[in-house]
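Protein chains in written order, with my numbering: chain A, 1 to 80; chain B, 81 to 160; chain C, 161 to 240; chain D, 241 to 320; chain E, 321 to 400; chain F, 401 to 480; chain G, 481 to 560.
If you're looking for bench data, these hints aren't it; they were derived computationally from the structure.
Backbone N, C-alpha and C define an ideal beta-carbon position, used for all residues, glycine too.
Where hints are given, some of them may not hold.
To be verified - Where chain A lies over chain G, by a calculated footprint (3+ residues, C-beta under 8 Å):
| id | stretch |
| --- | --- |
| 1 | 484-491 |
| 2 | 543-551 |
As the list claims (entries may be wrong) - Distance windows between CB atoms, simulated:
| id | chain 1 | residue 1 | chain 2 | residue 2 | range |
| --- | --- | --- | --- | --- | --- |
| 3 | G | Q495 | C | A210 | 51 to 57 Å |
| 4 | C | A210 | B | T129 | 21 to 27 Å |
| 5 | E | T369 | G | D503 | 21 to 27 Å |
| 6 | E | T373 | B | G137 | 40 to 46 Å |
| 7 | G | R506 | A | T53 | 16 to 22 Å |
| 8 | D | R294 | E | R374 | 21 to 27 Å |
| 9 | G | T533 | C | A210 | 46 to 52 Å |
Unchecked claim - With a Cα cut of at most 25 Å, we get these calculated BS3-like pairs of lysine-lysine:
| id | chain 1 | residue 1 | chain 2 | residue 2 |
| --- | --- | --- | --- | --- |
| 10 | C | K182 | D | K262 |
| 11 | B | K102 | A | K22 |
| 12 | D | K262 | F | K422 |
| 13 | E | K342 | B | K102 |
| 14 | C | K182 | F | K422 |
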Amino acid sequence: MPDAPTHLLERVISQRVTLVLKDSRRLSGRLLGVDEHMNVVLDEAEESTAEVTRHLGRVVLRGSNVVVLNAPQGATGKSA
Amino acid sequence: MPDAPTHLLERVISQRVTLVLKDSRRLSGRLLGVDEHMNVVLDEAEESTAEVTRHLGRVVLRGSNVVVLNAPQGATGKSA
Amino acid sequence: MPDAPTHLLERVISQRVTLVLKDSRRLSGRLLGVDEHMNVVLDEAEESTAEVTRHLGRVVLRGSNVVVLNAPQGATGKSA
Amino acid sequence: MPDAPTHLLERVISQRVTLVLKDSRRLSGRLLGVDEHMNVVLDEAEESTAEVTRHLGRVVLRGSNVVVLNAPQGATGKSA
Amino acid sequence: MPDAPTHLLERVISQRVTLVLKDSRRLSGRLLGVDEHMNVVLDEAEESTAEVTRHLGRVVLRGSNVVVLNAPQGATGKSA
Amino acid sequence: MPDAPTHLLERVISQRVTLVLKDSRRLSGRLLGVDEHMNVVLDEAEESTAEVTRHLGRVVLRGSNVVVLNAPQGATGKSA
Amino acid sequence: MPDAPTHLLERVISQRVTLVLKDSRRLSGRLLGVDEHMNVVLDEAEESTAEVTRHLGRVVLRGSNVVVLNAPQGATGKSA
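Work the whole structure out from these sequences, hints included.
Below, the structure is given as structure tokens:
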């Protein structure tokens, strides 16, 4: 497969990403790590709603709650 | 089996597809990658509702949220 | 087992089938493929509600959303 | 174990059974096949509500939607 | 582990048990069989609500719907 | 890992524990057994709401319904 | 992968962490243990809502209910 989902995830390590969760919560942060279940570690994490932004620091998100991970810049280094 | 779902998915790589998610969200984009869990990578992704279209860029969708993937053009090259 | 579910599914390949999904959506189309998770590929797919029919073309349905697959004509060729 | 669930299911093949699904739908039909996930094939299937009975013919039910399978006559031939 | 859940279940075979399901349905019957997924076979099964008791005969319950199995008498024969 | 969840569970065998379930039901009892899915056997089990306490005797709880197991006294014997 | 989620979790053992659960419950406590399913053991656990804080002592949380684990201080000792 030309570009498997887990490969993209590894290529955006250390970039800022935004995650939409099943409960509609929206979290963004610098991606520190990810595994095959889409468990995600974020640093400098923030939870933002229309009204307010809460600073959370380091968080681990359980992959089963993730709907979409948005890596706006794409991957700077394409896989060879 | 004549035409397994994962084979169709691989044959529409690089086409524009539309996904309907369990929370009724509708996302479209160019299909960059997919795996056996239906985790999907889209480029030039857009989320559209009746009122508005949001440009998201590169996204990874967790397969467990996918209901339908619509590849309107079908596969241009049939599997041999 | 005399007639396992996956065998019936393979025997109705290329027939028109109707699927009821967990969100009550109703899709019909010509069955192109199916796998052991009940992921389904339909061609000439249509989504129909009481009011309207939408033509979708080629779709892949994730099996975890399927409640019932209805093959009204049964299988024309019984398994030997 | 004296009487495992899958064994009972195999012994009621070809009897009429009634299934209650998670969405409270109630389907009955002649049991043609079943597998270890409780995926079920019914022939002469009917969906019945308090008001109306719809004839469906041959259906495949995905096991993850099944709550109860009721085999009113029990198994006519007990396992030896 | 001193008393694993599946062992207790095997020891109450042939006793009357009551099951509470995820949809709050309450079923009781004589336990004929059980497997490691908590799929359960009941004989002389009854579904009871505050108002009414329905006699169902032989049923197979899919384990994923079970919340609690209540074996009021405990196990008459303790495991050695 | 210094203190894995299943080890704690084994160390509180025979103590009274309280479980909160996904449907908000609250059950307490003496912990007789537990397995790696968090299926739990309780003796002298009670279900209590704000208004009333029901005595259930011996119960098996399916682990998939458990949210929290509270062992108020902790483990009397620490792992070496 | 540079910093897998389970590694971060092991590095914050014995720190105070806060967990958000699927039912929006919020629990905090000192992390005693964690496994690959994100089953979590907390000591000196507290459940807090806007109005009240309840002291729970030792608890085991089933990983399938966890949305986010927040380790505000990050890991004091980075993995080598």
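Which of the listed hints are broken here? Failing hint: just 6.
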